[in-house]
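J.: Sequence:
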Amino acid sequence: MTSTFSHIAFKQTWTRWALAFFLIAALLGLLMRSFHVMEMPAVFDYKNILHTHSHLALLGWGYLMITGGIIFSLESPSELIYKYKKLFVLTLISLIAMLVTFPLQGYGVWSICFSTLHVLVSYGIAVKILRTLQMQSSGLGIRLIQIAIWFQLISTLGLWALGPVTATLGRMHELYFMSIQWFLHFQLNGWFVLGTLGLLIYRVEQVKGAIHWTVFRIWAMILSVVLTFALVITWADPNPLFFTINGFAVALQGLVYFWIFLELFIGVKSLEIPSLVKLLIYVALISLAAKAFLQLLLLLPSVAVISYTIRQFVIGFLHLVLLGVMSFGLGAVGMINGDLSQERSSTIGWLVVMTAFLSTEILLFTQGLLLWLELGFIPGYNLLLFLFSILFPLGLAILWITQLENNSQYNSQFNLTSKNPNQNTNQSMKKSLIWSLGILGILMTACGGGETQNTASSPQQEEATQEVKADPKGIGEIKNVELDESIDENLVSTGKAIVDMKCTACHQLNDKRLVGPGFQGVTNRRRPEWIMNMITNVDVMLDEDPVAQELLAECLTRMPNQNISVGDARGILEFLRKNDLEKAGEKDGAL
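Position 263, counted from 1, in the sequence shown is what our numbering calls 247; the numbers after and before it change by one each time, with no gaps.
If you're looking for bench data, these hints aren't it; they were derived computationally from the structure.
There's no promise every hint is true.
For each label pair, taking beta carbons as the anchor points, the in silico distance ranges come out as [as the list claims (entries may be wrong)]:
| hint | residue 1 | residue 2 | range |
| --- | --- | --- | --- |
| 1 | A381 | S470 | 51 to 59 Å |
| 2 | E528 | N223 | 17 to 25 Å |
| 3 | L117 | L11 | 30 to 38 Å |
| 4 | S121 | E528 | 31 to 39 Å |
| 5 | A26 | S122 | 18 to 26 Å |
| 6 | P148 | L281 | 32 to 40 Å |
| 7 | P25 | A204 | 48 to 56 Å |
| 8 | A151 | N474 | 43 to 51 Å |
| 9 | A151 | S121 | 40 to 48 Å |
| 10 | L280 | W203 | 15 to 23 Å |
Being a predicted model, the structure only gives us computed values, none of them experimental.
C-beta atoms are modelled at their ideal positions from N, C-alpha and C, and glycine is treated no differently.
Please build the complete structure, drawing on both the sequences and the hints.
T.: In C-alpha coordinates, the structure reads:
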(Lines of atoms letter the chains of each structure in order from A and count residues from 1; the text may use other names and numbers.)
(Lines give C-alpha, C1' and ligand atoms only; values in the text may rest on other atoms or scores of the structure.)
Protein backbone atom coordinates (compact mmCIF):
# COMPACT_ATOMS: atom_id res chain seq x y z
CA MET A 1 0.00 0.00 0.00
CA THR A 2 2.79 2.43 0.92
CA SER A 3 4.72 2.06 -2.34
CA THR A 4 1.59 2.40 -4.46
CA PHE A 5 0.44 5.42 -2.49
CA SER A 6 3.86 7.02 -2.84
CA HIS A 7 3.56 6.51 -6.57
CA ILE A 8 0.31 8.47 -6.54
CA ALA A 9 1.83 11.24 -4.42
CA PHE A 10 4.78 11.44 -6.82
CA LYS A 11 2.41 11.91 -9.78
CA GLN A 12 0.49 14.59 -7.91
CA THR A 13 3.65 16.47 -6.97
CA TRP A 14 4.96 16.31 -10.55
CA THR A 15 1.68 17.61 -12.01
CA ARG A 16 1.23 20.36 -9.44
CA TRP A 17 4.70 21.74 -10.09
CA ALA A 18 4.01 21.69 -13.84
CA LEU A 19 0.81 23.70 -13.31
CA ALA A 20 2.65 26.06 -10.95
CA PHE A 21 5.23 26.86 -13.62
CA PHE A 22 2.41 27.38 -16.16
CA LEU A 23 0.74 29.84 -13.78
CA ILE A 24 4.00 31.73 -13.16
CA ALA A 25 4.69 31.88 -16.90
CA ALA A 26 1.19 33.33 -17.44
CA LEU A 27 1.76 35.98 -14.76
CA LEU A 28 5.04 36.95 -16.40
CA GLY A 29 3.28 37.12 -19.78
CA LEU A 30 0.71 39.47 -18.28
CA LEU A 31 3.53 41.57 -16.83
CA MET A 32 5.10 41.87 -20.30
CA ARG A 33 1.82 43.03 -21.81
CA SER A 34 1.48 45.65 -19.08
CA PHE A 35 4.57 47.37 -20.57
CA HIS A 36 2.35 48.44 -23.49
CA VAL A 37 -0.39 50.01 -21.36
CA MET A 38 1.36 51.60 -18.38
CA GLU A 39 4.69 52.96 -17.20
CA MET A 40 6.56 50.14 -15.49
CA PRO A 41 9.17 50.52 -12.72
CA ALA A 42 12.78 50.37 -13.88
CA VAL A 43 13.33 47.24 -11.77
CA PHE A 44 11.42 45.23 -14.38
CA ASP A 45 13.59 44.44 -17.40
CA TYR A 46 11.36 43.39 -20.30
CA LYS A 47 13.97 41.18 -21.93
CA ASN A 48 14.75 39.34 -18.71
CA ILE A 49 11.07 38.79 -18.02
CA LEU A 50 10.63 37.46 -21.57
CA HIS A 51 13.46 34.95 -21.05
CA THR A 52 11.95 33.80 -17.75
CA HIS A 53 8.48 33.50 -19.29
CA SER A 54 9.64 31.43 -22.25
CA HIS A 55 11.89 29.12 -20.21
CA LEU A 56 9.19 28.33 -17.64
CA ALA A 57 6.54 27.82 -20.31
CA LEU A 58 8.71 25.50 -22.43
CA LEU A 59 10.91 23.75 -19.88
CA GLY A 60 8.57 23.97 -16.89
CA TRP A 61 5.00 23.38 -18.01
CA GLY A 62 5.54 21.85 -21.45
CA TYR A 63 8.49 19.61 -20.64
CA LEU A 64 7.12 18.35 -17.32
CA MET A 65 3.68 17.59 -18.74
CA ILE A 66 4.96 15.71 -21.79
CA THR A 67 7.56 13.68 -19.91
CA GLY A 68 5.10 13.12 -17.08
CA GLY A 69 2.41 12.00 -19.52
CA ILE A 70 4.82 9.53 -21.13
CA ILE A 71 6.22 8.20 -17.86
CA PHE A 72 2.88 7.86 -16.09
CA SER A 73 1.33 6.13 -19.11
CA LEU A 74 4.10 3.60 -19.74
CA GLU A 75 6.16 3.01 -16.61
CA SER A 76 5.31 0.43 -13.97
CA PRO A 77 4.17 2.09 -10.70
CA SER A 78 6.64 -0.06 -8.78
CA GLU A 79 9.60 1.41 -10.74
CA LEU A 80 8.39 4.98 -11.18
CA ILE A 81 9.91 6.60 -8.09
CA TYR A 82 13.12 4.53 -8.22
CA LYS A 83 13.81 5.52 -11.83
CA TYR A 84 12.72 9.16 -11.91
CA LYS A 85 12.60 10.74 -8.44
CA LYS A 86 16.21 12.03 -8.43
CA LEU A 87 15.92 13.25 -12.02
CA PHE A 88 12.68 15.05 -11.16
CA VAL A 89 14.31 16.79 -8.18
CA LEU A 90 17.23 17.91 -10.36
CA THR A 91 14.78 19.17 -13.00
CA LEU A 92 12.91 21.07 -10.31
CA ILE A 93 16.14 22.60 -9.01
CA SER A 94 17.08 23.80 -12.49
CA LEU A 95 13.64 25.34 -13.08
CA ILE A 96 13.46 27.15 -9.75
CA ALA A 97 16.98 28.42 -10.32
CA MET A 98 15.99 29.74 -13.75
CA LEU A 99 12.98 31.43 -12.15
CA VAL A 100 15.40 33.30 -9.86
CA THR A 101 18.35 33.97 -12.16
CA PHE A 102 16.72 35.01 -15.44
CA PRO A 103 14.81 38.00 -13.97
CA LEU A 104 17.99 39.19 -12.25
CA GLN A 105 20.59 38.77 -14.98
CA GLY A 106 18.93 37.55 -18.19
CA TYR A 107 21.38 35.32 -20.03
CA GLY A 108 24.19 35.32 -17.48
CA VAL A 109 26.56 32.83 -15.92
CA TRP A 110 24.10 31.37 -13.44
CA SER A 111 21.05 31.23 -15.70
CA ILE A 112 23.09 29.51 -18.41
CA CYS A 113 24.50 27.03 -15.87
CA PHE A 114 21.06 26.00 -14.68
CA SER A 115 19.68 25.87 -18.22
CA THR A 116 22.56 23.52 -19.00
CA LEU A 117 21.67 21.43 -15.96
CA HIS A 118 18.13 21.08 -17.29
CA VAL A 119 19.47 19.87 -20.65
CA LEU A 120 21.77 17.31 -19.02
CA VAL A 121 19.00 15.98 -16.79
CA SER A 122 16.68 15.75 -19.81
CA TYR A 123 19.23 13.42 -21.42
CA GLY A 124 18.95 11.06 -18.45
CA ILE A 125 15.15 11.10 -18.60
CA ALA A 126 15.19 10.59 -22.39
CA VAL A 127 17.46 7.54 -22.12
CA LYS A 128 15.20 5.91 -19.53
CA ILE A 129 12.07 6.61 -21.57
CA LEU A 130 13.63 5.29 -24.78
CA ARG A 131 14.56 2.05 -23.00
CA THR A 132 10.99 1.70 -21.77
CA LEU A 133 9.62 2.40 -25.26
CA GLN A 134 11.71 -0.43 -26.71
CA MET A 135 9.66 -2.87 -24.66
CA GLN A 136 6.32 -1.48 -25.91
CA SER A 137 4.30 -2.54 -28.94
CA SER A 138 5.12 -0.55 -32.07
CA GLY A 139 1.83 1.27 -32.54
CA LEU A 140 1.65 4.77 -34.01
CA GLY A 141 1.47 6.44 -30.59
CA ILE A 142 4.72 4.82 -29.44
CA ARG A 143 6.42 5.64 -32.74
CA LEU A 144 5.41 9.30 -32.47
CA ILE A 145 6.68 9.50 -28.89
CA GLN A 146 10.00 7.90 -29.90
CA ILE A 147 10.48 10.34 -32.78
CA ALA A 148 9.49 13.27 -30.54
CA ILE A 149 12.16 12.34 -27.99
CA TRP A 150 14.81 12.10 -30.70
CA PHE A 151 13.82 15.55 -31.95
CA GLN A 152 14.09 16.83 -28.38
CA LEU A 153 17.65 15.52 -28.24
CA ILE A 154 18.47 16.91 -31.69
CA SER A 155 17.13 20.34 -30.69
CA THR A 156 19.73 20.66 -27.94
CA LEU A 157 22.52 20.63 -30.54
CA GLY A 158 21.57 24.25 -31.20
CA LEU A 159 22.23 25.11 -27.55
CA TRP A 160 25.63 23.40 -27.53
CA ALA A 161 26.55 25.29 -30.71
CA LEU A 162 26.02 28.68 -29.04
CA GLY A 163 29.30 28.57 -27.11
CA PRO A 164 31.63 27.86 -30.06
CA VAL A 165 29.70 30.21 -32.35
CA THR A 166 29.85 33.04 -29.81
CA ALA A 167 33.56 32.48 -29.17
CA THR A 168 34.55 32.35 -32.85
CA LEU A 169 31.97 34.46 -34.70
CA GLY A 170 30.27 36.53 -31.98
CA ARG A 171 26.64 37.01 -31.00
CA MET A 172 25.94 39.17 -34.03
CA HIS A 173 26.65 36.42 -36.55
CA GLU A 174 23.74 34.74 -38.33
CA LEU A 175 24.84 31.32 -37.05
CA TYR A 176 24.23 32.50 -33.49
CA PHE A 177 20.59 33.28 -34.22
CA MET A 178 20.17 30.19 -36.39
CA SER A 179 21.45 28.04 -33.51
CA ILE A 180 18.73 29.47 -31.27
CA GLN A 181 16.14 28.92 -33.99
CA TRP A 182 17.37 25.33 -34.44
CA PHE A 183 16.55 24.66 -30.79
CA LEU A 184 13.15 26.34 -30.97
CA HIS A 185 12.17 24.75 -34.29
CA PHE A 186 12.79 21.16 -33.24
CA GLN A 187 11.37 21.76 -29.77
CA LEU A 188 8.09 23.16 -31.10
CA ASN A 189 7.52 21.18 -34.29
CA GLY A 190 9.24 17.98 -33.20
CA TRP A 191 9.22 17.46 -29.46
CA PHE A 192 6.11 19.33 -28.30
CA VAL A 193 3.75 18.76 -31.23
CA LEU A 194 4.64 15.13 -31.98
CA GLY A 195 4.94 14.27 -28.29
CA THR A 196 1.46 15.62 -27.56
CA LEU A 197 -0.06 13.90 -30.60
CA GLY A 198 1.73 10.66 -29.69
CA LEU A 199 0.20 10.65 -26.20
CA LEU A 200 -3.28 11.31 -27.58
CA ILE A 201 -3.01 8.57 -30.20
CA TYR A 202 -1.60 6.16 -27.61
CA ARG A 203 -4.77 6.65 -25.54
CA VAL A 204 -6.94 6.04 -28.60
CA GLU A 205 -5.01 2.85 -29.31
CA GLN A 206 -5.78 1.57 -25.80
CA VAL A 207 -9.42 1.39 -26.88
CA LYS A 208 -9.35 0.82 -30.64
CA GLY A 209 -6.18 -1.25 -30.93
CA ALA A 210 -2.81 -0.43 -32.45
CA ILE A 211 -2.62 1.91 -35.44
CA HIS A 212 0.15 1.12 -37.91
CA TRP A 213 1.57 3.53 -40.47
CA THR A 214 3.60 2.67 -43.52
CA VAL A 215 7.30 3.51 -43.67
CA PHE A 216 6.45 6.19 -46.24
CA ARG A 217 4.15 8.00 -43.82
CA ILE A 218 6.65 7.83 -40.97
CA TRP A 219 9.44 9.27 -43.11
CA ALA A 220 7.11 11.90 -44.56
CA MET A 221 6.44 13.05 -41.00
CA ILE A 222 10.16 13.16 -40.13
CA LEU A 223 11.11 15.01 -43.32
CA SER A 224 8.31 17.56 -42.85
CA VAL A 225 9.82 18.56 -39.50
CA VAL A 226 13.42 18.63 -40.71
CA LEU A 227 12.87 20.47 -44.00
CA THR A 228 10.64 23.22 -42.60
CA PHE A 229 13.81 24.54 -40.93
CA ALA A 230 14.54 25.97 -44.39
CA LEU A 231 12.29 28.92 -43.49
CA VAL A 232 14.77 29.90 -40.77
CA ILE A 233 17.59 29.81 -43.32
CA THR A 234 15.69 32.22 -45.60
CA TRP A 235 15.89 34.77 -42.81
CA ALA A 236 19.68 34.82 -43.20
CA ASP A 237 19.83 33.94 -46.92
CA PRO A 238 16.63 34.67 -48.92
CA ASN A 239 17.64 32.23 -51.66
CA PRO A 240 14.69 30.97 -53.77
CA LEU A 241 15.98 27.41 -53.25
CA PHE A 242 15.27 27.57 -49.51
CA PHE A 243 11.79 28.97 -50.14
CA THR A 244 11.18 26.03 -52.50
CA ILE A 245 12.39 23.49 -49.93
CA ASN A 246 10.22 25.07 -47.26
CA GLY A 247 7.24 25.06 -49.62
CA PHE A 248 7.65 21.34 -50.27
CA ALA A 249 8.08 20.67 -46.55
CA VAL A 250 4.96 22.56 -45.41
CA ALA A 251 2.89 20.83 -48.11
CA LEU A 252 4.19 17.48 -46.84
CA GLN A 253 3.50 18.55 -43.27
CA GLY A 254 -0.07 19.47 -44.16
CA LEU A 255 -0.60 15.97 -45.55
CA VAL A 256 0.89 14.35 -42.43
CA TYR A 257 -1.27 16.47 -40.13
CA PHE A 258 -4.33 15.51 -42.17
CA TRP A 259 -3.58 11.82 -41.58
CA ILE A 260 -3.09 12.39 -37.85
CA PHE A 261 -6.20 14.58 -37.69
CA LEU A 262 -8.32 11.76 -39.14
CA GLU A 263 -6.89 9.16 -36.75
CA LEU A 264 -7.62 11.33 -33.71
CA PHE A 265 -10.92 12.85 -34.80
CA ILE A 266 -12.40 9.41 -35.46
CA GLY A 267 -10.65 7.77 -32.51
CA VAL A 268 -11.75 10.29 -29.90
CA LYS A 269 -15.38 9.42 -30.59
CA SER A 270 -14.72 5.90 -29.31
CA LEU A 271 -13.32 7.13 -25.98
CA GLU A 272 -15.63 7.28 -22.97
CA ILE A 273 -14.35 10.58 -21.64
CA PRO A 274 -16.03 13.72 -20.24
CA SER A 275 -17.22 16.37 -22.68
CA LEU A 276 -14.60 18.83 -21.39
CA VAL A 277 -11.80 16.43 -22.31
CA LYS A 278 -13.24 15.99 -25.80
CA LEU A 279 -13.52 19.77 -26.14
CA LEU A 280 -9.85 20.21 -25.22
CA ILE A 281 -8.84 17.58 -27.78
CA TYR A 282 -10.94 19.18 -30.51
CA VAL A 283 -9.47 22.63 -29.75
CA ALA A 284 -5.99 21.08 -29.97
CA LEU A 285 -6.86 19.48 -33.33
CA ILE A 286 -8.34 22.71 -34.70
CA SER A 287 -5.17 24.53 -33.58
CA LEU A 288 -3.11 21.87 -35.37
CA ALA A 289 -5.14 22.40 -38.55
CA ALA A 290 -4.70 26.18 -38.20
CA LYS A 291 -0.94 25.70 -37.79
CA ALA A 292 -0.82 23.63 -40.98
CA PHE A 293 -2.92 26.20 -42.87
CA LEU A 294 -0.75 29.13 -41.78
CA GLN A 295 2.40 27.30 -42.77
CA LEU A 296 0.89 26.44 -46.15
CA LEU A 297 0.50 30.18 -46.71
CA LEU A 298 4.29 30.37 -46.48
CA LEU A 299 4.40 28.89 -49.98
CA LEU A 300 4.10 32.54 -51.00
CA PRO A 301 7.53 34.19 -50.45
CA SER A 302 5.96 37.52 -49.52
CA VAL A 303 3.95 35.82 -46.78
CA ALA A 304 7.03 33.89 -45.65
CA VAL A 305 8.85 37.17 -45.07
CA ILE A 306 6.08 38.78 -42.99
CA SER A 307 5.81 35.61 -40.88
CA TYR A 308 8.95 36.67 -39.04
CA THR A 309 8.89 40.46 -39.51
CA ILE A 310 5.43 41.24 -38.06
CA ARG A 311 5.72 40.42 -34.37
CA GLN A 312 2.00 39.82 -33.84
CA PHE A 313 2.15 36.93 -36.31
CA VAL A 314 5.20 35.47 -34.56
CA ILE A 315 3.64 35.59 -31.09
CA GLY A 316 0.27 34.41 -32.37
CA PHE A 317 1.83 31.41 -34.09
CA LEU A 318 3.92 30.46 -31.05
CA HIS A 319 0.86 30.59 -28.81
CA LEU A 320 -1.15 28.63 -31.37
CA VAL A 321 1.35 25.77 -31.03
CA LEU A 322 2.24 26.01 -27.34
CA LEU A 323 -1.22 26.84 -25.99
CA GLY A 324 -3.57 25.56 -28.67
CA VAL A 325 -1.95 22.26 -29.65
CA MET A 326 0.32 21.44 -26.72
CA SER A 327 -1.36 22.83 -23.60
CA PHE A 328 -4.93 21.81 -24.41
CA GLY A 329 -3.76 18.47 -25.79
CA LEU A 330 -1.68 17.74 -22.69
CA GLY A 331 -4.51 18.93 -20.46
CA ALA A 332 -6.75 16.32 -22.08
CA VAL A 333 -4.09 13.62 -21.66
CA GLY A 334 -3.66 14.57 -18.01
CA MET A 335 -7.37 14.22 -17.32
CA ILE A 336 -7.62 10.92 -19.22
CA ASN A 337 -4.70 9.55 -17.18
CA GLY A 338 -6.20 10.84 -13.93
CA ASP A 339 -3.28 13.21 -13.35
CA LEU A 340 -5.40 16.38 -13.60
CA SER A 341 -8.62 17.09 -11.76
CA GLN A 342 -11.99 16.75 -13.49
CA GLU A 343 -13.97 18.66 -10.85
CA ARG A 344 -16.44 21.38 -11.81
CA SER A 345 -14.03 24.12 -10.74
CA SER A 346 -11.42 22.57 -13.04
CA THR A 347 -13.89 22.82 -15.91
CA ILE A 348 -14.37 26.51 -15.14
CA GLY A 349 -10.60 27.02 -15.07
CA TRP A 350 -10.07 25.39 -18.47
CA LEU A 351 -12.93 27.37 -20.02
CA VAL A 352 -11.43 30.63 -18.71
CA VAL A 353 -8.02 29.71 -20.17
CA MET A 354 -9.67 28.74 -23.45
CA THR A 355 -11.47 32.10 -23.58
CA ALA A 356 -8.17 33.90 -23.01
CA PHE A 357 -6.50 31.87 -25.74
CA LEU A 358 -9.19 32.42 -28.38
CA SER A 359 -9.61 36.15 -27.67
CA THR A 360 -5.89 36.95 -27.64
CA GLU A 361 -5.26 34.88 -30.78
CA ILE A 362 -8.01 36.76 -32.62
CA LEU A 363 -6.53 40.08 -31.50
CA LEU A 364 -2.96 39.13 -32.44
CA PHE A 365 -3.71 37.78 -35.90
CA THR A 366 -6.23 40.52 -36.72
CA GLN A 367 -3.76 43.22 -35.71
CA GLY A 368 -0.98 41.52 -37.65
CA LEU A 369 -3.20 41.42 -40.73
CA LEU A 370 -4.07 45.11 -40.35
CA LEU A 371 -0.39 46.02 -40.11
CA TRP A 372 0.37 43.97 -43.21
CA LEU A 373 -2.40 45.80 -45.09
CA GLU A 374 -1.13 49.13 -43.69
CA LEU A 375 -4.48 49.83 -42.02
CA GLY A 376 -3.10 50.85 -38.63
CA PHE A 377 -4.09 49.62 -35.18
CA ILE A 378 -7.30 48.30 -33.63
CA PRO A 379 -8.58 51.04 -31.27
CA GLY A 380 -7.37 50.21 -27.78
CA TYR A 381 -5.50 47.15 -29.07
CA ASN A 382 -2.83 46.99 -26.36
CA LEU A 383 -5.36 47.56 -23.57
CA LEU A 384 -7.69 44.87 -24.96
CA LEU A 385 -4.80 42.43 -25.25
CA PHE A 386 -3.80 43.15 -21.65
CA LEU A 387 -7.35 42.76 -20.31
CA PHE A 388 -7.99 39.44 -22.07
CA SER A 389 -4.56 38.22 -20.95
CA ILE A 390 -5.69 38.59 -17.32
CA LEU A 391 -7.85 35.53 -17.94
CA PHE A 392 -4.77 33.30 -18.38
CA PRO A 393 -3.46 33.51 -14.79
CA LEU A 394 -7.04 33.66 -13.48
CA GLY A 395 -8.00 30.37 -15.12
CA LEU A 396 -4.69 28.72 -14.26
CA ALA A 397 -4.98 29.80 -10.62
CA ILE A 398 -8.37 28.05 -10.49
CA LEU A 399 -6.82 24.91 -12.00
CA TRP A 400 -3.86 24.94 -9.63
CA ILE A 401 -5.95 25.49 -6.48
CA THR A 402 -8.33 22.74 -7.58
CA GLN A 403 -5.37 20.43 -8.14
CA LEU A 404 -4.06 21.17 -4.64
CA GLU A 405 -7.39 20.56 -2.95
CA ASN A 406 -8.72 17.57 -4.86
CA ASN A 407 -7.32 14.04 -4.97
CA SER A 408 -10.46 12.04 -5.72
CA GLN A 409 -9.42 11.22 -9.28
CA TYR A 410 -6.41 9.28 -7.99
CA ASN A 411 -8.39 7.37 -5.40
CA SER A 412 -11.04 6.36 -7.93
CA GLN A 413 -8.51 5.36 -10.58
CA PHE A 414 -6.45 3.14 -8.26
CA ASN A 415 -9.33 2.14 -5.98
CA LEU A 416 -7.47 3.13 -2.84
CA THR A 417 -8.92 3.56 0.63
CA SER A 418 -7.30 5.51 3.42
CA LYS A 419 -8.32 7.36 6.55
CA ASN A 420 -6.39 10.42 5.37
CA PRO A 421 -5.75 10.26 1.61
CA ASN A 422 -4.15 13.71 1.53
CA GLN A 423 -1.53 13.07 4.19
CA ASN A 424 1.18 11.51 2.02
CA THR A 425 0.66 13.97 -0.82
CA ASN A 426 0.80 16.96 1.49
CA GLN A 427 4.01 15.66 3.03
CA SER A 428 5.48 15.22 -0.45
CA MET A 429 4.52 18.75 -1.44
CA LYS A 430 5.96 20.13 1.81
CA LYS A 431 9.24 18.35 1.19
CA SER A 432 9.52 19.71 -2.34
CA LEU A 433 8.62 23.20 -1.10
CA ILE A 434 11.32 23.00 1.58
CA TRP A 435 13.79 21.92 -1.09
CA SER A 436 12.69 24.83 -3.23
CA LEU A 437 12.97 27.43 -0.48
CA GLY A 438 16.41 26.18 0.47
CA ILE A 439 17.58 26.33 -3.13
CA LEU A 440 16.05 29.78 -3.52
CA GLY A 441 18.06 31.09 -0.57
CA ILE A 442 21.29 29.66 -1.96
CA LEU A 443 20.60 31.08 -5.40
CA MET A 444 19.83 34.56 -4.08
CA THR A 445 23.38 34.64 -2.72
CA ALA A 446 24.89 33.02 -5.79
CA CYS A 447 23.16 35.36 -8.21
CA GLY A 448 24.43 38.36 -6.29
CA GLY A 449 27.95 37.24 -7.06
CA GLY A 450 27.07 36.61 -10.67
CA GLU A 451 25.63 40.08 -11.07
CA THR A 452 28.75 41.68 -9.62
CA GLN A 453 30.87 39.66 -11.97
CA ASN A 454 28.91 40.85 -14.98
CA THR A 455 29.06 44.45 -13.85
CA ALA A 456 32.81 44.26 -13.41
CA SER A 457 33.31 43.05 -16.96
CA SER A 458 31.13 45.65 -18.65
CA PRO A 459 33.76 48.46 -18.72
CA GLN A 460 36.12 46.09 -20.53
CA GLN A 461 33.44 45.41 -23.11
CA GLU A 462 32.85 49.13 -23.55
CA GLU A 463 36.57 49.75 -23.96
CA ALA A 464 36.80 46.99 -26.58
CA THR A 465 33.91 48.55 -28.46
CA GLN A 466 35.51 51.97 -28.42
CA GLU A 467 38.70 50.57 -29.97
CA VAL A 468 36.82 50.11 -33.25
CA LYS A 469 36.39 53.48 -34.94
CA ALA A 470 32.74 53.89 -35.85
CA ASP A 471 31.51 56.19 -38.59
CA PRO A 472 28.87 58.40 -36.92
CA LYS A 473 26.90 58.29 -40.18
CA GLY A 474 26.76 54.51 -40.21
CA ILE A 475 27.17 52.27 -43.26
CA GLY A 476 24.94 52.57 -46.31
CA GLU A 477 23.85 54.78 -49.17
CA ILE A 478 22.71 57.63 -46.92
CA LYS A 479 25.70 59.99 -46.82
CA ASN A 480 24.07 63.32 -46.07
CA VAL A 481 20.63 64.36 -44.76
CA GLU A 482 19.49 67.99 -44.92
CA LEU A 483 17.18 68.90 -42.05
CA ASP A 484 15.02 71.99 -41.58
CA GLU A 485 14.63 73.49 -38.15
CA SER A 486 10.87 73.10 -38.40
CA ILE A 487 9.02 69.76 -38.45
CA ASP A 488 7.45 68.59 -41.72
CA GLU A 489 4.03 67.29 -40.66
CA ASN A 490 3.47 65.49 -43.97
CA LEU A 491 6.65 63.48 -43.44
CA VAL A 492 5.65 62.90 -39.82
CA SER A 493 2.32 61.44 -40.95
CA THR A 494 4.08 59.09 -43.38
CA GLY A 495 6.62 58.04 -40.77
CA LYS A 496 4.04 57.47 -38.03
CA ALA A 497 2.07 55.08 -40.23
CA ILE A 498 5.19 52.99 -40.87
CA VAL A 499 6.31 53.08 -37.23
CA ASP A 500 2.84 51.92 -36.12
CA MET A 501 2.93 49.12 -38.66
CA LYS A 502 6.47 47.82 -38.32
CA CYS A 503 8.16 49.20 -35.21
CA THR A 504 5.92 49.51 -32.15
CA ALA A 505 5.80 45.76 -31.50
CA CYS A 506 9.48 45.95 -30.49
CA HIS A 507 10.10 49.64 -29.62
CA GLN A 508 8.33 52.09 -27.34
CA LEU A 509 8.19 55.82 -27.99
CA ASN A 510 9.59 56.56 -24.52
CA ASP A 511 13.09 55.73 -23.27
CA LYS A 512 12.18 52.27 -21.93
CA ARG A 513 13.48 49.17 -23.68
CA LEU A 514 10.92 46.65 -24.89
CA VAL A 515 12.43 44.13 -27.29
CA GLY A 516 14.63 46.86 -28.74
CA PRO A 517 15.65 50.21 -27.22
CA GLY A 518 13.12 53.00 -26.72
CA PHE A 519 12.93 55.70 -29.41
CA GLN A 520 13.02 58.70 -27.08
CA GLY A 521 16.21 60.72 -27.56
CA VAL A 522 17.46 58.76 -30.57
CA THR A 523 18.00 61.89 -32.71
CA ASN A 524 20.01 63.36 -29.83
CA ARG A 525 22.25 60.28 -29.70
CA ARG A 526 22.59 59.35 -33.39
CA ARG A 527 23.10 61.35 -36.55
CA PRO A 528 20.21 61.32 -39.05
CA GLU A 529 22.36 59.44 -41.57
CA TRP A 530 23.03 56.68 -39.04
CA ILE A 531 19.33 56.36 -38.24
CA MET A 532 18.31 56.10 -41.88
CA ASN A 533 21.10 53.64 -42.70
CA MET A 534 20.01 51.50 -39.76
CA ILE A 535 16.50 51.43 -41.21
CA THR A 536 17.39 50.82 -44.86
CA ASN A 537 20.62 48.80 -44.55
CA VAL A 538 20.00 46.90 -41.34
CA ASP A 539 21.82 43.64 -42.16
CA VAL A 540 25.10 45.35 -43.09
CA MET A 541 24.83 47.71 -40.13
CA LEU A 542 24.38 44.82 -37.70
CA ASP A 543 27.29 42.95 -39.25
CA GLU A 544 29.77 45.82 -39.57
CA ASP A 545 28.78 48.94 -37.60
CA PRO A 546 30.24 48.85 -34.04
CA VAL A 547 27.41 50.92 -32.53
CA ALA A 548 24.73 48.70 -34.07
CA GLN A 549 26.62 45.62 -32.92
CA GLU A 550 26.78 46.98 -29.38
CA LEU A 551 23.00 47.48 -29.40
CA LEU A 552 22.50 43.97 -30.76
CA ALA A 553 24.69 42.49 -28.03
CA GLU A 554 22.60 44.37 -25.47
CA CYS A 555 19.18 43.43 -26.84
CA LEU A 556 20.03 39.93 -28.21
CA THR A 557 17.33 40.28 -30.87
CA ARG A 558 18.34 40.90 -34.46
CA MET A 559 16.29 43.62 -36.14
CA PRO A 560 14.69 42.20 -39.31
CA ASN A 561 15.15 43.75 -42.73
CA GLN A 562 11.69 45.10 -43.55
CA ASN A 563 12.64 46.49 -46.98
CA ILE A 564 11.84 50.11 -46.08
CA SER A 565 12.59 52.60 -48.85
CA VAL A 566 14.78 55.67 -48.42
CA GLY A 567 11.73 57.91 -48.73
CA ASP A 568 9.84 56.03 -46.02
CA ALA A 569 12.95 56.02 -43.83
CA ARG A 570 13.05 59.81 -44.14
CA GLY A 571 9.46 59.91 -42.90
CA ILE A 572 10.38 57.73 -39.91
CA LEU A 573 13.28 60.06 -39.13
CA GLU A 574 10.96 63.07 -39.15
CA PHE A 575 8.52 61.27 -36.85
CA LEU A 576 11.39 60.47 -34.46
CA ARG A 577 12.47 64.13 -34.50
CA LYS A 578 8.98 65.21 -33.47
CA ASN A 579 8.82 62.47 -30.84
CA ASP A 580 12.09 63.70 -29.31
CA LEU A 581 10.90 67.30 -29.35
CA GLU A 582 7.72 66.33 -27.48
CA LYS A 583 9.21 63.85 -25.01
CA ALA A 584 12.82 64.97 -24.52
CA GLY A 585 12.33 68.68 -25.11
CA GLU A 586 14.94 68.83 -27.86
CA LYS A 587 15.84 67.17 -31.17
CA ASP A 588 18.86 66.76 -33.46
CA GLY A 589 21.26 66.89 -30.52
CA ALA A 590 23.70 64.55 -32.31
CA LEU A 591 24.41 67.11 -35.06
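J.: Where does the structure disagree with the numbered hints, that is, which hint numbers, in rising order?
T.: The structure conflicts with hints 4 and 5, although it agrees with all the remaining ones.
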